[in-house]
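Undergrad: Taking the hints into account, I'd like the entire structure generated from these sequences.
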Amino acid sequence: MNALTNRSKTVERKPMTFWEKIYLPAIAKGMSITFSHIFKKKPTINYPEQTRPFSPVFRGLQVLNRDEEGRERCTACGLCAVACPAEAITMEAAERLPGEENLYREEKYAAKYEINMLRCIFCGLCEEACPKDAVYLSETFATANYNRQSFIYGKKDMLIPHPKLQPEEYERAKGLRVNPK
Amino acid sequence: MSTTHFLFWFLSVLAIFSAIMVVVSKNPVHSVLWLIIVFITISGHYILMNAQFLFIVNLIVYAGAIMVLFLYVIMLMDLNADSEPQKNKWLKIAGVIGGGALLLVLVAALKDADIKNQLAQTGSGQIGLIHNLGMALFNDYVVPFEISSILFLSAMVGAVVIGKK
Amino acid sequence: MHEMFLIIDWAIAIEKLVLIAVIVSLSLVVAMYETYAERKIAAFIQDRRGPSRAGPFGILQPLADGLKLFMKEEIVPNLSNKFLFVIGPGLAMLTAMMTSAVVPWSSHLHAFGRDIDLQIADVNIGILYIFGVVSMGVYGVMIGGWASNNKFSLLAAIRGASQIISYELAMGLSLIALLMLSGSLSLRTIVEQQQDGWYYVFYQPLGFLIFLVCAFAECNRTPFDLSEAESELNFGYHQEYSSMKLGFYLFAEYVNMFISSAVMATIFFGGYDIPFVNDANFGAQHGQNLLATLQGLSLFIKVVIFIFFFIWVRWTIPRFRYDQLMNLGWKGLIPLALLNMLVTGFVILLKQNNWHF
Chain Z
8 MNALTNRSKT
18 VERKPMTFWE
28 KIYLPAIAKG
38 MSITFSHIFK
48 KKPTINYPEQ
58 TRPFSPVFRG
68 LQVLNRDEEG
78 RERCTACGLC
88 AVACPAEAIT
98 MEAAERLPGE
108 ENLYREEKYA
118 AKYEINMLRC
128 IFCGLCEEAC
138 PKDAVYLSET
148 FATANYNRQS
158 FIYGKKDMLI
168 PHPKLQPEEY
178 ERAKGLRVNP
188 K
Chain X
179 MSTTHFLFWF
189 LSVLAIFSAI
199 MVVVSKNPVH
209 SVLWLIIVFI
219 TISGHYILMN
229 AQFLFIVNLI
239 VYAGAIMVLF
249 LYVIMLMDLN
259 ADSEPQKNKW
269 LKIAGVIGGG
279 ALLLVLVAAL
289 KDADIKNQLA
299 QTGSGQIGLI
309 HNLGMALFND
319 YVVPFEISSI
329 LFLSAMVGAV
339 VIGKK
Chain A
51 MHEMFLIIDW
61 AIAIEKLVLI
71 AVIVSLSLVV
81 AMYETYAERK
91 IAAFIQDRRG
101 PSRAGPFGIL
111 QPLADGLKLF
121 MKEEIVPNLS
131 NKFLFVIGPG
141 LAMLTAMMTS
151 AVVPWSSHLH
161 AFGRDIDLQI
171 ADVNIGILYI
181 FGVVSMGVYG
191 VMIGGWASNN
201 KFSLLAAIRG
211 ASQIISYELA
221 MGLSLIALLM
231 LSGSLSLRTI
241 VEQQQDGWYY
251 VFYQPLGFLI
261 FLVCAFAECN
271 RTPFDLSEAE
281 SELNFGYHQE
291 YSSMKLGFYL
301 FAEYVNMFIS
311 SAVMATIFFG
321 GYDIPFVNDA
331 NFGAQHGQNL
341 LATLQGLSLF
351 IKVVIFIFFF
361 IWVRWTIPRF
371 RYDQLMNLGW
381 KGLIPLALLN
391 MLVTGFVILL
401 KQNNWHF
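Chains as they are written, first to last, in the working numbering: chain Z, 8 to 188; chain X, 179 to 343; chain A, 51 to 407.
Simulated from the structure, these hints should not be mistaken for lab results.
Just so you know, not all the hints are guaranteed correct.
[What the hints assert, rightly or not] Here are the simulated DSS-like pairs of lysine-lysine, each with C-alpha atoms no more than 25 Å apart in a straight line: (1) A:132 <-> X:204; (2) A:381 <-> Z:21; (3) Z:163 <-> Z:115; (4) Z:49 <-> A:90; (5) A:90 <-> Z:36; (6) A:381 <-> Z:28; (7) A:90 <-> A:122; (8) A:201 <-> X:204.
Quantities reported herein were computed from a predicted structural model and do not represent experimental measurements.
TA: What follows is the structure in structure tokens.
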């Protein structure tokens, strides 16, 4: 039968020679290999203290964005919810009242915006669907909690800090890679 | 009562109790474990007689090797109570008669033996020490010793040869 | 011979009790840190960092492990033989500890106006005593495996027992050649013969090699850990065990490793002798107590090297197949040991005859 690839190797089934039979040379060779590994550099990264750089296309937990003056961008149009293949997003719209112009950018805003992070598959379609650049995926990814209810993230969990009032937190939340489109 | 006496009585009582338990136990594995205790107590008696070599050889050979083989075989047996064959009544009677006859012979033999004047040399005997034992074996009993050692060697070689097939 | 009951030489009794307590706790602490060393060296060999969270460099890891084992739920299987199930790990631990009684840990200290031998019992059957206790060690495995009432455990117990019996034979035979040289079974005498001279490993390299291989087999260490082969027998004879009973089995293995390292260092590598130093002169110059301490340290360093070797081998060599194990034992090591014995006897006779036939 013809070999399917040219990489196959024929296995030799000759009886072992005397030197192979007494095992000792092979054992000594193996021992020297393992011993040399003791002094090799360890590739381990000490995770919570050190982190690996993220790839530019990494998709983590969602963040609700604000504009430069700190107003929420989201208008509760619902395109993200429609785009979401896992149906993880729900929202309720509300109308902006007079005097709230510094809070919301448009006349309509999301009074409630929830993403079930256990359903979310982090595909990033919500980010692509959003016409207002209001939702994007951050670099945060390790979530842990004691009950399932707390994995339904609301606005208070996802809204990015105010760029003017809390500039440091804002920068941290934006991450290293992000330039919101 | 001296320490030696105390240990002697302790080991004797334990040995006899375990020996009875060997016979009485329903579970063969328990019997073997009791038998191991018997061997250990007998080894203890050897120590009391200052026979260190006999003590350790008894421990290695009997308690350590032979009893492991016993245990080995018994563990592999099917130990369900259901599969236990019903013993014949006549077999039991024959067993009792055979055992009783052996006991009779032993008692008769020991009755006439001069045990009163030949007490064991507890703690003071030198013959069981390895040096003296070696002297005796290799001076007085060289030929039987060497023949038996050749017998053992051939048994071992035989085992390897059978294993090679 | 007619001392009254309970009239004991209290000085000796207290001395020995303290010595026993010290040695037992020492071997437990060493065993604890062997587990740490095992994990750390395994990690290094595999280019990892190993335990590093508990304390600096993970030094407190053994304590955390022990605490975890203590906190675990204790489970005794319903259909097991309860008494034997509990006795098994105890026996394993007991036999592991008992071997340390005849190893001379150093020469003697001079304190309280008396010479204190740093050896629990200098019996003239030292080596045989070690064999006796090791042969008792099988029962821990066998009883535990049988009492668990589990087919895998039983198979593992049977494997372990036949392995230990087979390798005990080769071990004994490999030592006979050395005993012909030393002429004594007492470990202290054997160490004293090696003081300031050639170690016995140079006279008996083949004997040492066989003994080393057998020591691996007796300790149930990889490449001979057939009785706990995870991939074939789930977990071997301690599959049904949990909590500290499991801990005892695992711990007994490490204690065994420590003691067999000490025995190998004693028999073949001069024991507490300090290499390249004339011990007697050193003792005369700097005092007996300093000498004894340094000698103890010297033995300890030798033991640590052996322990490192044990661990190193474990993370290098894969497990033998069962028939390979038996072939190696019966067809490899035993004939070699017999040959070694014959050659040694021949050379000794030749030497007595002033190198004439």
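Undergrad: Could you run down the list of hints and mark each one as holding or not?
TA: Okay, the hints, checked on the actual structure:
no.: 1; hint: A:132 <-> X:204; result: 16 Å, holds
no.: 2; hint: A:381 <-> Z:21; result: 21 Å, holds
no.: 3; hint: Z:163 <-> Z:115; result: 18 Å, holds
no.: 4; hint: Z:49 <-> A:90; result: 13 Å, holds
no.: 5; hint: A:90 <-> Z:36; result: 22 Å, holds
no.: 6; hint: A:381 <-> Z:28; result: 12 Å, holds
no.: 7; hint: A:90 <-> A:122; result: 24 Å, holds
no.: 8; hint: A:201 <-> X:204; result: 22 Å, holds
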